[in-house]
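There are 4 protein chains.
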Amino acid sequence: MQLALIGAGRIGQIHAKAIAAHPGVTLVAIADFLPEAAKALALTYSSQAMSTEAIFADETIDAVLIASSTPTHAEYLEQAAQSGKAVLCEKPIALDLARTREALDVLSSNPVTCALGFNRRHDPQFSALKQALAGGRIGVLETLSIISRDPLPPPAEYVAASGGLFRDMMIHDFDMARWLLDEPISFVQATASCLIDPAIGEAGDVDTAMVTLTTASGRLCHINNSRRACYGYDQRIEAFGSGGMLQAQNETETRLRFTGEGGQVEEKPQWFFLERYAAAFAREIDDFVTAWQQQRAPLTSAHDGLEALRLAEAAECSLKEGRCIALDEIR
Amino acid sequence: MQLALIGAGRIGQIHAKAIAAHPGVTLVAIADFLPEAAKALALTYSSQAMSTEAIFADETIDAVLIASSTPTHAEYLEQAAQSGKAVLCEKPIALDLARTREALDVLSSNPVTCALGFNRRHDPQFSALKQALAGGRIGVLETLSIISRDPLPPPAEYVAASGGLFRDMMIHDFDMARWLLDEPISFVQATASCLIDPAIGEAGDVDTAMVTLTTASGRLCHINNSRRACYGYDQRIEAFGSGGMLQAQNETETRLRFTGEGGQVEEKPQWFFLERYAAAFAREIDDFVTAWQQQRAPLTSAHDGLEALRLAEAAECSLKEGRCIALDEIR
Amino acid sequence: MQLALIGAGRIGQIHAKAIAAHPGVTLVAIADFLPEAAKALALTYSSQAMSTEAIFADETIDAVLIASSTPTHAEYLEQAAQSGKAVLCEKPIALDLARTREALDVLSSNPVTCALGFNRRHDPQFSALKQALAGGRIGVLETLSIISRDPLPPPAEYVAASGGLFRDMMIHDFDMARWLLDEPISFVQATASCLIDPAIGEAGDVDTAMVTLTTASGRLCHINNSRRACYGYDQRIEAFGSGGMLQAQNETETRLRFTGEGGQVEEKPQWFFLERYAAAFAREIDDFVTAWQQQRAPLTSAHDGLEALRLAEAAECSLKEGRCIALDEIR
Amino acid sequence: MQLALIGAGRIGQIHAKAIAAHPGVTLVAIADFLPEAAKALALTYSSQAMSTEAIFADETIDAVLIASSTPTHAEYLEQAAQSGKAVLCEKPIALDLARTREALDVLSSNPVTCALGFNRRHDPQFSALKQALAGGRIGVLETLSIISRDPLPPPAEYVAASGGLFRDMMIHDFDMARWLLDEPISFVQATASCLIDPAIGEAGDVDTAMVTLTTASGRLCHINNSRRACYGYDQRIEAFGSGGMLQAQNETETRLRFTGEGGQVEEKPQWFFLERYAAAFAREIDDFVTAWQQQRAPLTSAHDGLEALRLAEAAECSLKEGRCIALDEIR
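Protein chains in written order, with the UniProt record's numbering: chain R, 1 to 331; chain S, 1 to 331; chain V, 1 to 331; chain B, 1 to 331.
None of these hints come from the bench; they were simulated from the model.
Heads up, some of the hints might be wrong.
Intra- or inter-copy, both count: the list cannot distinguish identical chains.
What the hints assert, rightly or not - List of simulated lysine to any residue pairs, SDA-like, C-alpha gap at most 25 angstroms: (1) Lys320 with Glu78; (2) Lys17 with Leu274; (3) Lys17 with Gln2; (4) Lys320 with Ala160; (5) Lys320 with Ile185.
So that you can see chain R by itself, here it is in the shape it has in the complex (with noise of 0.2 angstroms):
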C-alpha cells in the first residue's frame, strides 16, 4: 500500500513510526500545515513532503491517513472518498453531528476502505477481552466498567477547541463500550465535576467525570474519567456477568517488583498512550492494510465514530438537564 500522511505532529509521527515498521506500506509523502514540520519527519522516515492537493491527486496513492487538527477531518474524508483513496482518519471526524453526517454521506456515495481511529478497539488487551466475552468466558454480560484516565490535564487552550471531555476524551471509552457492551445503548446519564483545574471549569469544560449507560436489555455500564492521575495512563475495563468477572489491567514496562521497609512496591502504569497503546497503533495500521487488500470491512467504521459522539452529545445534555437522556433523543 502507498500511504500518504496527512499531518506530522503527535499523532502523525505516531503513525509514521507505525507505518515505517509495518512491511506492506510505503509511506509515500507527508503533508502538514507547517511545510518544515513535513518536511523533518519525511526525512527521519526516508519519504516527501507534499501538499495535501498534490496528494489527492496523485493516482499512484493508495490510502490516507488523517492526523491534522480536527477541524480538517471532515473535509480530508471527503477528499479521500471523493479521489477513491482508502482512508484511515484520526477522530473525531467533526465535533459535531451534522458535519459527521455530511461526511458519512459522502462516504455512502464513495465507497471506499475507511477506518476510524478508535486505536483502543486494536489493543491486544482488550482484543483478547473481546474475544473472551464473544466467547462466553462470563456467560451473560451484565455490567461493564471502563476506567479512562489521562496523566496530566491538557493546557486551557486546549479544551476550549476541544469540544469538552465528552467528545474529545470519553468518545474513546463510549466506543469501547458499544464495541464491548454488544447491543444498542438506550439511555445515558453523565454527572461531572472541575476538580482538577479551575481553568478548565472557566473554559466551560469538566475534568472529572462518570456516565451510566443503559443498553436495550438492561446491561448497566460505568465510565470514569479524570483528566489526571499521577501515577500514569489509567487505563482498565472490568467486564461482569452471569459466569464470572474479565478484567483488564494496567500495564508496566517490566513487571520487576521490590520488596522493602516501604511494602512490596511494582511499577506504576505506562506513561501514556504512545507506551500504553504502542501495540494497538501497529494493529490498527495492519488492520487497515489488511481490510483494502482484502476489500473487508476495518474493524473501526466512520459510523462508529458517529455513534460515539452521539452518546458524547447525550451525556453532555443529562449534564445539562440533570436527567437521563434517551438516546434517541439526539439525532
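Given the coordinates of chain R, assemble chains S, V and B onto it according to the supplied hints.
Same frame as chain R, but now just chains S, V and B:
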C-alpha cells in the same frame, strides 16, 4: 458488660460468636421470637433464654444487641433507650424515614451508647483505607468507587419484604460512601435493571444497580451492586485523588497460587460476609464495648442509619423519575 | 483438657493466648523458672502459678505444654510421659541426637499423646499446599524450594547457645521439607556464609545459608535461610512438578494497595511469626486436643524432631567438610 | 552496518527478524550448511545467499552473526576476527575449554568488536534488575536465586550432542549469575536428577538440577533448572540484600484476568524464548551495532563465554564427585 442478644437467627449467631470471644462482654441472655432458637443458642454459649420483656426489665443487663427481624428494630431500640441500656442495633432501624426519625427522637430524649450495625466500617482493610485517606495518602479525594456484589440472589419472598435493593443491600455502600467521602452528599442518580432473576423483577425490585453520588464540593462516587457473583462476595473500594489511588481488594482464604496449563490461578474471593467480615464483627463488638466503657461515641450512630436511608430513598426516587435527585428533596 | 503450661516467656505467651481461645482446653497451671513470670501470665489468663513438680504430681492435669528453655525440654518431656500426661513440646527436644534418642526411648516405654512444636505444618496456607500436593494438583512432585527469612538477626549471645542456624532456624524448614517431599531424604549439601553480623561469625555460626536435599527418588529441595529481611518475615514455599507449580506466598495484614508516583505498593509481609503464624498456633492447639480426645496421633511427633535434627547435623557436617553427605552417615 | 548471517535455522531466523527491524543494519548475506535454507531466508528478508568463504572474503561486509551449529562456532569466530569483521557469536564458542581458549587467543591477536549470544542480559526486566542492584536499591547483595525452566525437554538425540544440561541450558544462568553477582565466584556445588524423561538419563544427562555458587565475599547463588514446565518458559530471578529484595517475574501476553468459580486466573507465562526474549534479541542487535559504531565493548564478550563454561565444568565435576568444587580447580 452484661449483654443480652435479641434475635438468634443467622446474624444473631454471628454476633453471639463475636461476643463469646470478647473478654469484656458476658452474654447473659438471648431472646428470640422462637423460644427454641433462643434456647439452642443459649446452650451453645452457656447463656440463658429470656423474654425481651424480662431483658428490658433486668437492671443488671447493661446492653442489648438487636438482631431480630427488621420490623422490630425501632421498637426494641426505643425500649433499650428508655430502659437506659446501651444498644447495638442491626441496620436498618426501619424501612421508612418517619419511623426512623421517631426512634431517633426517643434516643435524643434518652441518651444511651448507641451503635448501628454498619459492620463494614470495622473491616481492617476499609479501616486502613479510611486512615490512609485521613492521613492524606492520596492528597485531595476526587472520586470513589464502591463495588459490592453478593454471591447469590435472595429468594423472591425475601425481596418482597426487604424494602428493595437500595434499602436492603446498597444501604451498606451508602454508609461507606458517607464515611469515606467525608462531606455532605448533594445529588443522587440511580440506574438499575433486573438481569439475574425475573422473580425479583416481578416482586417489584431490581438486582443490578449503579448509583452516582455527588458531594457538596463536587466529588463523585460510583456504587456498583449485583445480587449474584458466581465467584463469591465481591467487596472492593477504589479511592482516587490528586496524589494517587487506594484500592481495597477482595480477600481470599489463603494466598496459595497454582500455575498450570490453564494459567496462574489464585483462590476466588471469600464466599460471603460471614467469612469476609469475621474480623469486622469482632471489632464492631469491641468498639461498642469500649465506647460504652469510655463513654465516647461508637464509630457508627443511629443518625448514620437515617442518613443512609435518605440516600436509599433518593436513589429509588431517581430510578423512578429518571432524573438527578437533590438530597434536600428527601426529608 | 486440663492443661499446664511450662514456660511463660515469649513463646509460652503465644501458646497461652491460643489455649485461652480454645473452648476445649482449660489452662489450669503455669510454671516458669521465674515465678513472677508465671504469676503474671496466670493473672492474665485466670490461671494459677505452680511448680513443675506440682504439675507433674497433679493427677487432674491431663496435659502439659513445654515452652521452657531448650535445655529443659527433654527432661520435662520424659516427666510428662512418665506421669502419663499428653504433651505438646516446643522444638527442639534437645540439641543433640543422643539426648533426643533417650527422650524418644522414654516415650516408647510410656506412650502418651505427644506433639512437637513444628507450628508451620498447621499454617492454613501450607496446609492447603500439602493437601493440593496429596491431591495430585501438580502431578509428580520434582522440586521444592523453601525460603525462610527472619526479620532481625538474634543477638550473638543467643546464637552461641542456639545450636547454630541449622539446628535453631532451618530445623523448621527441614521438617517442612520432610513433610512435603513425602519420601526419605538421601543426601544433604550445605553452603553458608556470615554476611549480616560479624558477631554471629565470631560466635561460630552463619547467618545466610542454602541447603540442597535429594530424596530417594531424586527429588531436589532447596532451602534458603537468612537471619535478616528488612521487610519482615519471609516465608514462602514453591513446589514444582510434572503438572505445574504451587506457590505459598507471604501474607500481609490487609490487601490495601496504593498507586502513586512511586509505583503500585502493597503492604510488606507480616512482621514475624507471632502475626504470620497466629492461625497456625491456634490450629496446633486444636490438633493436639483433638488427637488426645480421639486417641489418634497428632500431625507432628517426637520422631519428626529427631529426623529434622539429623538433617541439621548432616547440613553442618556438609558445610564443614565441603561435600555431599549421605543421611545414612548421621546416626 | 553491512552484516552477514551464518546459520538460517531457528535461532538464525530470530536474529534475521531482529536485524531487519533495526534501522542501522543491512542484512547483506546469509549462509547455511543447507544452501536452500539460506536462499529461503534471504528471500524473506530481501537478502542474498552466499557461502561462508565468500562472506569472509568480502571486504564490504562489516560484521558476521554466527548462528550455525555449535561445532562450527569457534572456527567461524576465528575467521571473522582474522578477516577483521565485527562478530556476534551465538553461545557457546565451543563445548570445551581448550578449544574456547584457542578462539580467545585468535581474538586477542585480531581485536575486533565481539559479542556473545547471552541474550538474557538484554532483557528489559533483567536489565532493570541489574540497574537497580547497581544503584543500591537493595543495599548489599547477599543472595541470588535464578529459576530457569524450559517448556519442553529436548529430544534425547539433541541431548547427546548438547554437552549436557550444565553446558547447554544452565550456561545462560551461569552467565546471569556472574553478571549480577558482580564479583568472582569461588565455589560450585551441584545436585541433579533425571526425573522427566528416562531417555535423557540413558543419554548420560540430567533434566532437573540445582547448583549453589559462592562468591569471594560469601554471597550465595541458587540456580534451579528443569527441562520441562508444563505452563511455559519459567524465567525468574530473585536478588536479596541488606535493604530488601528484587524479583524479576514471568511475563504474560496480556494482563487480562478472569475470576470465576474456579478462582482468579491470569495468563500462564509466555511459552518460550522466542516470545519471552523478543525484546532482548532486538536490544542485543542494537547493543552490537552501537558498540561497533562507537568502538566500545559490547555488553557481552567472548571471555564471558569462557567463564560460563568454566562454571559448567565445575558443576559437572561437583555432581560427579559429590563435593564442593573450588573454581580454581577448573583451568
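Status of the hints after comparison with the structure:
1. Lys320 with Glu78: neither (33 angstroms within a copy, 45 angstroms between copies)
2. Lys17 with Leu274: For Lys17 and Leu274, both the intra-copy (11 angstroms) and inter-copy (23 angstroms) Cα distances are at most 25 angstroms.
3. Lys17 with Gln2: both (15 angstroms within a copy, 23 angstroms between copies)
4. Lys320 with Ala160: For Lys320 and Ala160, the Cα distance is within 25 angstroms only inside one copy (18 angstroms; across copies 36 angstroms).
5. Lys320 with Ile185: This pair counts as both: shortest intra-copy Cα distance 20 angstroms, inter-copy 19 angstroms.
In the structure shown, a violation is registered for the earlier hint numbered 1 alone.
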